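Protein chains in written order, with our numbering: chain A, 1 to 404; chain B, 1 to 404.
Treat the hints with care, as some may be off.
Intra- or inter-copy, both count: the list cannot distinguish identical chains.
Under the rule of at most 27 Å between Cα atoms (straight-line distance), these lysine-lysine pairs were calculated in the DSS-like manner [claimed, not checked]: (1) LYS47 / LYS283; (2) LYS365 / LYS118; (3) LYS58 / LYS283; (4) LYS119 / LYS58; (5) LYS47 / LYS119; (6) LYS365 / LYS283.
Just so you know, the hints here were simulated from the structure itself, not pulled from any lab data.
Remember, it's a predicted structure, so these values are computed and weren't measured experimentally.
2 protein chains.
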Amino acid sequence: MAETNAAMHPPLEGIRVIDLTRVLSGPFCTMMLGDMGAEVIKIETAKGDPTRAQGTLKDGFSWYYASFNRNKKSLVLDLYREEGKRVLERLIEEADVLVDNFRPGVLAAMGFGAERLKKINPRLVTASINGYGSTGPYVDRPAFDFIAQAMSGLMSVNGAEGTPPMRVAQPITDLVAGLYCAFGIVSALRARDLNGVGQHVETAMMNGAISMMAYLASEHLATGQLPERTGNDHPLVAPYGLFAARDGQIAVAPSNDVILQRFLNALQLGHLMDDPRYDTNEKRFARRDELSQLIDQALSNGTQDEWIDHLNAAGVPCGKVQNLAEAFNDPQVQAQEMVIEVEQPHHGPIRMLGFPVKLTGTPCKVARPAPLLGGDTRDVLAEAGFSGSEIEELLEASVVRATH
Amino acid sequence: MAETNAAMHPPLEGIRVIDLTRVLSGPFCTMMLGDMGAEVIKIETAKGDPTRAQGTLKDGFSWYYASFNRNKKSLVLDLYREEGKRVLERLIEEADVLVDNFRPGVLAAMGFGAERLKKINPRLVTASINGYGSTGPYVDRPAFDFIAQAMSGLMSVNGAEGTPPMRVAQPITDLVAGLYCAFGIVSALRARDLNGVGQHVETAMMNGAISMMAYLASEHLATGQLPERTGNDHPLVAPYGLFAARDGQIAVAPSNDVILQRFLNALQLGHLMDDPRYDTNEKRFARRDELSQLIDQALSNGTQDEWIDHLNAAGVPCGKVQNLAEAFNDPQVQAQEMVIEVEQPHHGPIRMLGFPVKLTGTPCKVARPAPLLGGDTRDVLAEAGFSGSEIEELLEASVVRATH
Chain A
1 MAETNAAMHP PLEGIRVIDL TRVLSGPFCT MMLGDMGAEV IKIETAKGDP TRAQGTLKDG
61 FSWYYASFNR NKKSLVLDLY REEGKRVLER LIEEADVLVD NFRPGVLAAM GFGAERLKKI
121 NPRLVTASIN GYGSTGPYVD RPAFDFIAQA MSGLMSVNGA EGTPPMRVAQ PITDLVAGLY
181 CAFGIVSALR ARDLNGVGQH VETAMMNGAI SMMAYLASEH LATGQLPERT GNDHPLVAPY
241 GLFAARDGQI AVAPSNDVIL QRFLNALQLG HLMDDPRYDT NEKRFARRDE LSQLIDQALS
301 NGTQDEWIDH LNAAGVPCGK VQNLAEAFND PQVQAQEMVI EVEQPHHGPI RMLGFPVKLT
361 GTPCKVARPA PLLGGDTRDV LAEAGFSGSE IEELLEASVV RATH
Chain B
1 MAETNAAMHP PLEGIRVIDL TRVLSGPFCT MMLGDMGAEV IKIETAKGDP TRAQGTLKDG
61 FSWYYASFNR NKKSLVLDLY REEGKRVLER LIEEADVLVD NFRPGVLAAM GFGAERLKKI
121 NPRLVTASIN GYGSTGPYVD RPAFDFIAQA MSGLMSVNGA EGTPPMRVAQ PITDLVAGLY
181 CAFGIVSALR ARDLNGVGQH VETAMMNGAI SMMAYLASEH LATGQLPERT GNDHPLVAPY
241 GLFAARDGQI AVAPSNDVIL QRFLNALQLG HLMDDPRYDT NEKRFARRDE LSQLIDQALS
301 NGTQDEWIDH LNAAGVPCGK VQNLAEAFND PQVQAQEMVI EVEQPHHGPI RMLGFPVKLT
361 GTPCKVARPA PLLGGDTRDV LAEAGFSGSE IEELLEASVV RATH
């Protein structure tokens with residue numbers, strides 16, 4: 001419970017990560033390692049991570065790329081050439097972590113299979129994020145968030161009643177697999193402290209998606225029944241969902257009888273809990289349309305904001321459905337600094353999401369903005385022990401590239 | 001890259017976690033710590049975690065509870081009483097981690113504020129999972145997944161075109177906040193190794209939800225425009241989504257022109273990429289209904305399974321929309337052991353989700369099934385140094401309870 005203390009070392013200080021990942025799941029994972037103080041060396045091709053050219057570019061810089069690559073260095077390296085592979089080998093010798101999000105087998109085909117990596121550096125923690133895992137019949141399939149959502153069962157429960165299965169709008173199978181991998185990597189680093197040797201960490205988009213099924217999974221496994229799509233309604237509890245205040249809807253989630261009683265009391269409908277038509281969840285569920293009308297009627301004498309203040313004060317979880325602009329301008333979100341502004345040299349300030357993990361002693365910070373393509377090539381090689389003339393030769397032969 | 005080795009110590013061996021959490025976000029977090037080898041001591045009230053009575057009970061045991069509480073011990077402790085608080089204090093003296101998912105301020109009101117915890121055990125890593133964070137205007141509000149989804153902007157992008165915002169069916173704000181917290185705790189443990197002192201970790205359901213917004217957030221921040229709900233269609237790319245094979249739909253995600261060319265070639269529609277009506281993404285997006293019809297027509301000469309094999313072999317990410325039964329019986333999911341069976345003493349086998357983080361050297365395992373309520377009370381107290389007569393006194397006074 002130490003206070004923030006500039007003298008404290010961040011969690012991953014001294015950890016060097018060689019980052020072979022691109023686009024989303026991998027860069028999200030390694031960004032979290034960088035946010036925790038690791039030195040992340042992002043290896044890019046001459047064209048750079050595809051996200052450098054995706055989404056809106058402002059003043060020549062992609063805000064999508066910027067928001068997933070803060071706290072990283074960029075080294076442009078041609079891994080199709082033997083000289084490039086030798087550079088990677090030397091980097092791995094001195095590294096703590098190697099992360100890739102290739103399909104299983106690609107890294108080995110490049111000459112960096114598990115056995116060789118262990119020989120190069122037995123303390124190395126290696127980590128892979130892929131679509132389906134590295135064993136099983138689908139190991140060679142290409143993966144994508146939408147497909148992992150489809151196959152995992154995630155889509156089958158998402159959507160409104162009576163409508164087809166629907167994907168979740170956020171690329172959550174990428175993000176969740178990346179987050180699990182960051183957790184696995186830090187865990188494996190701690191195991192290395194105990195054992196003296198590294199090991200391999202693997203997470204898959206499909207497995208991560210399945211792990212999000214929570215009680216939907218346990219209910220299915222217990223009963224064999226398939227969960228139905230219920231949109232904003234709770235599959236088992238009523239009342240629950242969106243209700244109409246005078247000037248708009250509010251979301252209310254009375255998840256148990258105690259909270260429901262508070263909610264109904266606040267609406268001066270407390271007597272309904274004793275009404276033989278509504279005195280059990282089963283009865284309320286069967287008459288939920290009727291009950292919703294009574295609630296909407298009671299809510300119509302106040303505004304959204306009035307009811308949200310009143311109900312929260314009464315201990316009833318509720319809030320407005322907000323769009324991204326409303327959410328990012330919400331005073332709570334601002335107090336939590338969940339949108340931050342990072343000065344991008346030569347490109348002005350870039351706004352991006354903040355840190356979801358708050359640490360009091362060693363808070364996450366932006367130690368460096370997203371790198372220019374090859375912006376750290378010379379520095380990284382010099383720190384890795386390459387001589388000035390070696391670096392010039394590699395540049396001359398376009399095995400590596402540098403922006404300056 | 002060590003092989004699995006029984007002599008290797010798991011990542012969190014020797015780490016003792018005092019777990020004050022209940023229901024979902026917190027138990028999910030501490031289960032991950034337990035899966036990584038920590039000793040997790042779950043403190044329960046005499047009634048137990050509410051999930052013990054939720055979902056389907058088989059032979060008296062909740063599969064919901066079982067699936068979130070493996071690898072934990074249960075100690076029943078009355079924290080409303082001074083004697084109970086003294087027991088907690090003694091447990092904290094010897095612990096490494098204390099986790100709660102109370103509203104901010106509740107733990108301090110119980111007498112365990114930050115300063116006191118630091119005095120009891122300066123090496124303690126404390127962690128809180130809450131709804132909105134512990135600073136800002138909403139700090140006292142009760143939280144719930146549905147509300148965090150509504151307020152964070154998550155719902156605003158989820159849903160079909162022309163329909164209202166819709167929640168994601170999975171309780172992802174609970175799970176993501178729990179997962180971030182597990183990552184933060186292991187990171188803080190590593191910082192403790194460097195600094196000699198603990199610190200506080202905090203994650204919030206609202207912040208976790210916002211962090212999942214990915215490129216939807218960066219695009220909004222760059223342009224000021226609000227993302228639209230597009231259901232299963234990609235907001236920017238066409239073709240993309242669900243298409244009709246002879247016996248059912250397949251999900252196809254050609255995320256760039258290279259993959260799209262492969263997809264169209266496989267359908268013998270490769271020429272469309274040169275057709276002036278379809279030769280840019282903009283044109284394809286404008287004529288996506290027309291294009292979908294051409295694709296459906298080409299797909300009609302094969303079955304789902306035939307096309308899925310053929311397209312994956314051609315490097316096109318695709319798959320079936322599966323319900324939970326299909327997903328859990330999928331040979332890939334079985335190969336990845338994402339559904340496991342745990343023998344629950346006195347209650348028979350319980351099926352639950354497996355481990356999303358795969359470690360080669362020290363794989364996660366079920367070292368113990370979910371505990372009986374108070375099943376470890378005596379053992380935990382004895383290990384914490386309570387004498388036999390102290391334990392009997394505490395039991396006698398119902399400060400603690402034990403099942404045996």
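TODO: Would you pick out the hints that fail for this structure and give their numbers low to high?
DONE: 4, 5 and 6
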